[in-house]
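Sequence lines, in order, name chains D and Y.
All the letters of the first sequence, read from the start, carry residue numbers 1 to 368 under my numbering.
All the letters of the second sequence, read from the start, carry residue numbers 1001 to 1340 under my numbering.
Derived by calculation from the structure, the hints in this document are not laboratory data.
Each residue gets a CB set at the ideal place from its N, CA and C atoms; glycine is no exception.
Do not rely on the hints blindly, as some may be mistaken.
Claimed, not checked - Okay, the calculated beta carbon distance ranges per label pair:
1. 72/D with 1271/Y: 48 to 54 Å
2. 1033/Y with 349/D: 19 to 25 Å
3. 112/D with 1024/Y: 30 to 36 Å
4. 199/D with 1024/Y: 37 to 43 Å
5. 1134/Y with 361/D: 56 to 62 Å
6. 1032/Y with 338/D: 21 to 27 Å
Given next are the chains, with one letter for each unit.
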Amino acid sequence: MTEQTYAPGTYPDLPPPSDTVGPIHWLKVNLFSSPINSIVTLVAMYLLYLSLPSAISWLFIDATYVGETRKDCAPEGACMAFIGERFNLFVYGFYPAELRWRINLAAILLVVAGAAVLWDKMPARKHMIKFAMVYPLIGAWLLSGGFFGLEHVGTHLFGGLMLTLTIGVTGIVFSLPLGILLALGRQSKLPIIKYFCIGFIEFIRGVPLITLLFVASTMLSYFLPPGTTFDLLLRVLIMVTLFASAYMAEVIRGGLQALPKGQLEAADSLGLNYGQAMRLIILPQALKISIPGIVNTFIGLYKDSTLVIVIGLLDPLGIGRASVADTAWLGLSTEVYLFVAVFFFISCFGMARYSLYLENKLNTGHKR
Amino acid sequence: MKLINKVLTGVALTAMTATAAQASTLEDVRAADELKCVVTTGLAGFAAPNADGRWEGFDADFCRAVAAAVLGDGDKVKFVPSTGKTRFTMLNSGEGDILFRNTTETLSRDVDLKLTFLPVNFYDGQGFMVPASLGVTSASELDGASVCIQTGTTTELNLADYFRTNGISYEPVPIETNEEGFTNYVAGRCDVYTTDASGLASTRAKFDDPTQHVVLPEIISKEPLGGAVRHGDDQWADIGKWVVNALINAEEMGITQANAMNLAANVGNNPGINRLVGSEGNMGEMLGLDAKWAARAIAQGGNYGEIYERNVGPNTPLEIARGLNALWSQGGVLYAAPIR
């Protein structure tokens, strides 16, 4: 019998039993909890053992980071010198070098505007939101110029990362409100609005994006009066936005239908009109339910921007493909595709994590 | 995809005939002060952007030569990258004024797609490349092989013709770009890669050890590559045609990038050179251009030989010998009509 070293009634917290803490326990629970899991773990570890050392030495140890042509690169490692040399092309596309500060400025302002919209602890958020509302105009002005003292830059010089962001941000910003309107329109009791929305949504969903882009780039010039020049990128932005908004509408309709009918009836009984009921009762709940679907659509839209290569605009993937055709750097497709893949992964993973954060923040009792 | 393509091209052509009677392309180009030139989305040696985003290559140089002749400045080119499937629609819809996109001249493209081809500027032919380890020495041994083939190109049709004629069975692996073909071939998803010999040369140059791959001796097709413009604007077609001819004639006459403008400034004692560079005669005027059109085109990127050597010739990684593309006087088939 051991001696009691504490006062009666003040039993201290004892450490947990040694077999429920520590790395060994973690391994047991997470990696070796059942025979099948143990086998899977061992197989995965063996595969990592096979692939990881060579991947690391290819990417880091044997890789060449500085060089002028492919001949400067060690044949057994990655030739990252190529990516370094092409980095500006990947980021800015064909934008004139002396005007690239405009893209940088637009990107900084985008971060500010984005933070105001996405982060609710932003200082002076009310004013910043107003700024975010006019940001699309400021951004368009900075990138394209043409008035208020900025030199005009043709959109055919857009490319690379800034093209993807231009298409992605425009599509995301405009497709959400448009999608909400379409979703509400589809449920409307007014037949004209209802059937217009249904027709629009079903048409857009029935046609591949690549076809719409093709129509936008080449067919449209036949239908417009001769001599009209209608900026190619603008046509693409409109098509991408309309395309995403149709999908968005269906996602939001899913959210609307998940709400019990009593919510709208309660709003009616309180004497709220349609606009108030939607703004205060229905949409906040419906949008919250739809967040995963909305972000899903955003990510899809963002990745679909690589399709613009069919109409002769070069996004990072297009720039990469064109770059590997440089005679000084022949045969480096692995490095280029890897770089582009990492870029898209970071962007899309970021969006996915933000959506998770938002879901957790708004999780006020609907989660099952 | 093919059907969509056909339908779209059909709509395009119908609509085009309706709107064909517009201002001339030359006036449009001058008004925009910019030549819209349809090129590839990237093919080694023919057109690809360099690190500063400037398009370089054989086709790009021809675009610049035309821009120099028409607009006086070879940098006033707007490059319109296009895939094999979209190139003609781009041209026909007016997204491009002229096309230099290693494109084979064929009857159906000329007549059915309503293009007017410029003189051939590169004689190519379709060949096969196989890994040396396969031990194949002739295309007739390729029975049952899987073949990587670019869709929407003449090579696709040639391949079907050739294998049908010789009773060989094969399994096509459709790809979109040369780059994709290379990747698939390296990964072993096809035994054989087939495309124009120039494309094979550039693909072979990408390997760490090119000797591991053989280009088979058979050349199964004629691929005369040339620029093209839309049907129905003869003046514009003439300009494109004679810029190409001028560059080839310049090589014959020894007019180079370095001496073109000097020759144009002084009347020399060779009337042929004088007519070409515009110090005598009114050739430019007949085309609707000024007298120094050809001199500027040559001064832009050099004569045909200089353009060839710089982009695809034996001293580049592509190492394509002049072969058929030498002047007629040097054993090739380049035989440009005289400028007189």
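We went through each hint and held it up to the structure:
no.: 1; hint: 72/D with 1271/Y: 48 to 54 Å; verdict: 50 Å, holds
no.: 2; hint: 1033/Y with 349/D: 19 to 25 Å; verdict: 45 Å, violated
no.: 3; hint: 112/D with 1024/Y: 30 to 36 Å; verdict: 49 Å, violated
no.: 4; hint: 199/D with 1024/Y: 37 to 43 Å; verdict: 42 Å, holds
no.: 5; hint: 1134/Y with 361/D: 56 to 62 Å; verdict: 60 Å, holds
no.: 6; hint: 1032/Y with 338/D: 21 to 27 Å; verdict: 39 Å, violated
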